[in-house]
Amino acid sequence: MNCQKCGHDLPTGSLFCPNCGTKAAPASDTAPLCQTCRQPLKPGALFCASCGTPVNRPAPAPQAVQAPIYTPVPQQQVYQQPYQPAWQPAWQPSPAAPPKKKRKGLLITLIVVLVLVLAGGAVYALAGKTIRRMLLGPKAMYLSIETKQLKDDASDLVEDLVRIGNISDNDIHGGSRINLGVSLPGLSDEMEMDPVLIEALENLSLTVTSMYDRSESDPSYFTSVDLLTQEERLLTLDVYLENDRMVLGLPDILTSYVLVDGNTLSDLMASMDSTIALDDPFSMVNDMLETDLDIDEAELEKSMHRLIDIVMEHIDEAEFASKQTIKAGQVSAAYDSYTITLSSENMRLMMLELLETIRDDDEIYNLIDQIARKMSSVSSGMSGLDTYGISPDDWEDELNEAIADLEEEIEPEDEFSLLYTVYVDKNDEIRGRDLIVRDSKDQETGHLQLLNPVDGEQEGLLIAFEDEYDRFRLVADYKEVDEKRTGTATLEVDDETVAAATFSGLDMVVVDEQDYLVGKLEITVEDDSAGIPGPIYYSGAMTGGAFSGEIGVKNYVSVYLGYEKLGGVSADIPPYREDDLVDVADEDALAELFNEDAMNELFEIMSKIGLEME
Numbered sequence: 001m002n003c004q005k006c007g008h009d010l011p012t013g014s015l016f017c018p019n020c021g022t023k024a025a026p027a028s029d030t031a032p033l034c035q036t037c038r039q040p041l042k043p044g045a046l047f048c049a050s051c052g053t054p055v056n057r058p059a060p061a062p063q064a065v066q067a068p069i070y071t072p073v074p075q076q077q078v079y080q081q082p083y084q085p086a087w088q089p090a091w092q093p094s095p096a097a098p099p100k101k102k103r104k105g106l107l108i109t110l111i112v113v114l115v116l117v118l119a120g121g122a123v124y125a126l127a128g129k130t131i132r133r134m135l136l137g138p139k140a141m142y143l144s145i146e147t148k149q150l151k152d153d154a155s156d157l158v159e160d161l162v163r164i165g166n167i168s169d170n171d172i173h174g175g176s177r178i179n180l181g182v183s184l185p186g187l188s189d190e191m192e193m194d195p196v197l198i199e200a201l202e203n204l205s206l207t208v209t210s211m212y213d214r215s216e217s218d219p220s221y222f223t224s225v226d227l228l229t230q231e232e233r234l235l236t237l238d239v240y241l242e243n244d245r246m247v248l249g250l251p252d253i254l255t256s257y258v259l260v261d262g263n264t265l266s267d268l269m270a271s272m273d274s275t276i277a278l279d280d281p282f283s284m285v286n287d288m289l290e291t292d293l294d295i296d297e298a299e300l301e302k303s304m305h306r307l308i309d310i311v312m313e314h315i316d317e318a319e320f321a322s323k324q325t326i327k328a329g330q331v332s333a334a335y336d337s338y339t340i341t342l343s344s345e346n347m348r349l350m351m352l353e354l355l356e357t358i359r360d361d362d363e364i365y366n367l368i369d370q371i372a373r374k375m376s377s378v379s380s381g382m383s384g385l386d387t388y389g390i391s392p393d394d395w396e397d398e399l400n401e402a403i404a405d406l407e408e409e410i411e412p413e414d415e416f417s418l419l420y421t422v423y424v425d426k427n428d429e430i431r432g433r434d435l436i437v438r439d440s441k442d443q444e445t446g447h448l449q450l451l452n453p454v455d456g457e458q459e460g461l462l463i464a465f466e467d468e469y470d471r472f473r474l475v476a477d478y479k480e481v482d483e484k485r486t487g488t489a490t491l492e493v494d495d496e497t498v499a500a501a502t503f504s505g506l507d508m509v510v511v512d513e514q515d516y517l518v519g520k521l522e523i524t525v526e527d528d529s530a531g532i533p534g535p536i537y538y539s540g541a542m543t544g545g546a547f548s549g550e551i552g553v554k555n556y557v558s559v560y561l562g563y564e565k566l567g568g569v570s571a572d573i574p575p576y577r578e579d580d581l582v583d584v585a586d587e588d589a590l591a592e593l594f595n596e597d598a599m600n601e602l603f604e605i606m607s608k609i610g611l612e613m614e
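Note that the numbering used here numbers the sequence shown so that position 256 is 256, with each residue one more than the last.
Honestly, the hints are just simulated from the structure, not real lab data. Here the structure is a predicted model, which is why all the values come from computation and not from measurement. All clues stand as given, with none of them false.
Listed next, with one range per pair, are the computed distances between beta-carbon atoms:
#, residue 1, residue 2, range
1, D588, P185, 42 to 50 Å
2, E159, T543, 23 to 31 Å
3, G545, G505, 15 to 23 Å
4, I463, T325, 14 to 22 Å
5, D405, M542, 43 to 51 Å
6, T325, I551, 32 to 40 Å
7, L234, E457, 44 to 52 Å
8, D394, L237, 38 to 46 Å
9, S391, G545, 39 to 47 Å
We put the beta carbon where it would ideally sit given N, CA and C, even for glycine.
Work out the full structure, taking the sequences as your base and the hints as a guide.
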């Protein structure tokens with residue numbers, strides 16, 4: 001008989017299995033078991049109903065194991081499935097852990113990816129533009145280059161407009177000092193001027209100091225003009241402009257300042273039959289000093305960029321060509337080029353959308369309206385006209401009229417096409433533009449070139465225009481070092497040289513938001529009919545933030561200029577005493593102010609200048 005749990009052979013009469021401790025079944029209850037799965041066999045079965053093992057197959061030999069120490073527990077019986085051991089011997093070793101898989105394959109993959117990335121970066125660095133062009137196509141590459149260039153230029157333009165036009169956004173407290181002088185070596189011969197007068201003029205200089213204070217609701221302005229000789233200051237004129245009145249003073253001569261209000265000046269001009277007939281005669285000056293175009297920089301920039309996008313949206317295709325040579329003067333260089341062709345119909349649609357956008361754009365309207373108002377205010381000061389701008393209705397009507405004209409289709413005989421080429425260096429900087437206009441018969445009717453090839457420090461510049469009536473050509477060769485240009489230039493009109501120039505160290509610098517041209521320039525006019533007796537020359541320099549320059553005709557006349565921006569306490573407007581003012585309408589007080597002593601002072605100053613007064 002065998003144990004019904006582990007299959008161990010039971011000695012006759014055993015109550016428990018000596019191998020696993022399972023209670024032996026009574027002999028009468030014992031049923032034959034399958035030698036493989038230990039399930040009871042049905043009487044007379046040839047195969048096991050559970051696993052299919054033949055009934056007469058010998059049982060697997062039990063492992064030779066050391067019998068464990070056995071302590072029977074009669075009162076507790078363990079119930080398990082017959083084929084699952086309920087106990088593992090303490091000596092049996094734990095199953096061995098599976099060997100770790102080596103990650104060598106993953107490491108190799110990462111190395112390959114890294115090498116590919118580095119190689120791709122190197123290829124892109126060497127031929128990135130070529131790859132982008134292959135992926136995007138010539139048109140997309142051209143649009144990205146041209147759009148960036150145009151939008152950068154538009155942003156610079158808007159920034160300059162804001163700097164010049166939005167005075168209220170600038171410093172509310174500041175000023176400037178300008179020095180002026182003149183030299184007239186050739187006037188005595190050319191104009192037969194009195195040598196004494198020429199000497200007096202050459203001995204004089206002016207210093208004009210201007211200050212402003214916009215911290216109050218009614219801003220005030222002050223200008224002081226000093227008349228000097230090489231030895232001393234002769235005369236100072238002070239001018240205060242405050243809303244609707246002006247205060248004048250000669251502090252070295254007069255003991256009080258003179259008050260001129262708007263009403264008095266209007267009456268005085270009316271009595272003199274003046275063409276200026278304004279309720280406020282100072283409005284022209286105030287408008288000029290208070291120029292404020294009310295520009296919203298971000299919104300106007302957005303409007304300008306939108307117009308550029310419209311232009312770019314009407315580009316159909318672009319053709320690419322590599323290494324195209326352009327030449328200006330003695331400098332030539334090869335650049336990649338993009339060429340587009342625009343038909344007159346496409347141009348018409350583009351202009352139509354541009355005008356519609358401009359008509360509906362509030363920022364562009366506001367800019368044009370404000371400029372018109374400022375211009376009309378200046379002209380009104382001379383002609384007596386009222387200040388006017390452009391009403392929204394007039395703005396819309398004018399543009400609608402232009403739009404209506406463009407909505408009409410172009411007649412076949414009026415058709416034209418534009419062939420436009422840009423030349424681009426390796427940094428995507430545009431180094432040249434070439435525009436050709438062709439008529440309906442494909443005949444060239446106009447050609448405009450702007451080329452700027454670069455070869456190291458050498459640069460060339462060509463600006464040329466030609467049509468059936470005129471030919472214009474400006475050519476320059478120069479060397480650029482530290483953004484300063486030194487070279488020569490010529491100007492030709494209808495194939496004849498009309499002017500030649502030499503220049504050195506030319507550069508445009510910005511100091512305190514002001515643009516200054518520094519360097520030296522001399523221009524010789526070849527056309528005798530111009531009547532210029534000698535070369536025109538210019539020089540400019542910056543020293544410690546102050547500009548000094550000279551311009552004139554060599555050996556004939558020279559004007560000297562110095563400019564310095566003032567700020568802080570240097571721009572504080574000096575006060576005057578209100579109770580010391582003499583109204584210009586008070587003739588008795590005015591006569592007392594300009595007494596004999598004051599007039600003698602004026603005569604003495606004229607004598608020092610060289611002008612004798614009888």
